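Quick mapping for you: the protein sequence lines, in order, are chains A and B.
With the working numbering as the guide, the letters of the first sequence map in order to residues 1 to 203.
With the working numbering as the guide, the letters of the second sequence map in order to residues 1 to 203.
Rather than coming from a laboratory, the hints here were simulated on the basis of the structure.
A portion of the hints provided could be inaccurate.
In this list, chains with the same sequence are indistinguishable; a pair is considered to hold if it fits within one copy or across any two.
As the list claims (entries may be wrong) - Distance condition first, Cα-Cα at most 25 Å in a straight line; then the derived SDA-like pairs of lysine to any residue:
#1 83 x 97
#2 114 x 184
#3 47 x 154
#4 163 x 197
#5 83 x 117
Computed from a prediction, not measured in an experiment: that's the story for all the values here.
Below, each chain spelled out in residue letters.
Number of protein chains: 2
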Amino acid sequence: MTTALTNPLQLAEDAQNLLFHNARTANAFTDEEVPEETVRAVYELVKNGPTEFNTTPLRLVLVRSDEARARLLPHMLDNNRDKTAAAPLIAILAADLEFHEELPRLFPYFPQAKDVFYGDPNDRAESARFNSALQIGYFVIGLRAAGLAAGPQSGFDHEGLDKEFFPDGTHTALVVMNIGKPGEDAWGPRLPRLEYDEVVTTV
Amino acid sequence: MTTALTNPLQLAEDAQNLLFHNARTANAFTDEEVPEETVRAVYELVKNGPTEFNTTPLRLVLVRSDEARARLLPHMLDNNRDKTAAAPLIAILAADLEFHEELPRLFPYFPQAKDVFYGDPNDRAESARFNSALQIGYFVIGLRAAGLAAGPQSGFDHEGLDKEFFPDGTHTALVVMNIGKPGEDAWGPRLPRLEYDEVVTTV
């Protein structure tokens, strides 16, 4: 039997469904809380996902107190504010723009990477955004592995939120993510995707 | 029993191992080919991963012919060239900088998004990089779901590679990814990661 005739995926079908086929971006959630140990388990699951030079610049702020929610919500765009207010857990996913300070520890084989590759603040910010985005991808899958739905949003006043939560300028928020068990009418029909042959070319 | 005493993850342990705990960035591969239908199955698995406004800007170029490999390899940094040359499959993961042209189809609820949010080429490029990186995160997990290892690399001459493979300037390569079954000595010891409490704060 050739590979072509077997299922190319090793991942079990229920796991495929949990992580991908049945998982959706949620706009509404149940009231069930998302405890700290769940977020910790998700982090431990996905923390080893690859980043450039092991930079791992993603940082999370879990917005749990009423006071912190009140600081966050005014920065959400109007159409995102109510659903964010109603989410059991809100996480600010931010890039650490000073991630290079950790590199001697995170990439001990080449401790100079800190200055050689990331000495320039503009290059460093671009790298922080890129590698944080990779990690956000892993984190979305990790939340689904915990039976949770994510509602990632970029629709907020980025400058205002950064000033409120990261006044020293060392972090920048990339995504505000609502997290919880999906509630009633959590999503509409799936949006279309590009076909394989529109995305992949072979040379 | 409270949630705190149960396993917070629903994903089965063998799937956790396949996708995360046992999966590693590989520097060496077996000779086993990676057929087209495997790449297609990975795409079908991960294609619904969320992106901002469903922009899905990631494009893949599978470098299969000897001629295309010969065009690619000179642009790899020295320490990445040999392992790339030896990989069963090389994929260029690139951002489509004109992704907004597809938005009336991909985000039909708000066809004006194309011009309102992505009319400015600099904003568009930043968004293309960010959302492509999310999709690269999903793609890495998808390859692992197929029992494959990924070797993502950013160490190449980005300008030179873009000029060679995307001479019209509408795409920019973000990662050159080696793909295959891990071979002998495919990786060294795991690099350290930050502790949960260094990454996550609660407010």
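Here's how the hints hold up against the structure:
{"no.": "1", "hint": "83 x 97", "result": "neither (29 Å within a copy, 31 Å between copies)"}
{"no.": "2", "hint": "114 x 184", "result": "neither (47 Å within a copy, 30 Å between copies)"}
{"no.": "3", "hint": "47 x 154", "result": "both (23 Å within a copy, 20 Å between copies)"}
{"no.": "4", "hint": "163 x 197", "result": "between (43 Å within a copy, 23 Å between copies)"}
{"no.": "5", "hint": "83 x 117", "result": "between (40 Å within a copy, 22 Å between copies)"}
Hint violations for this structure: numbers 1, 2, all remaining hints satisfied.
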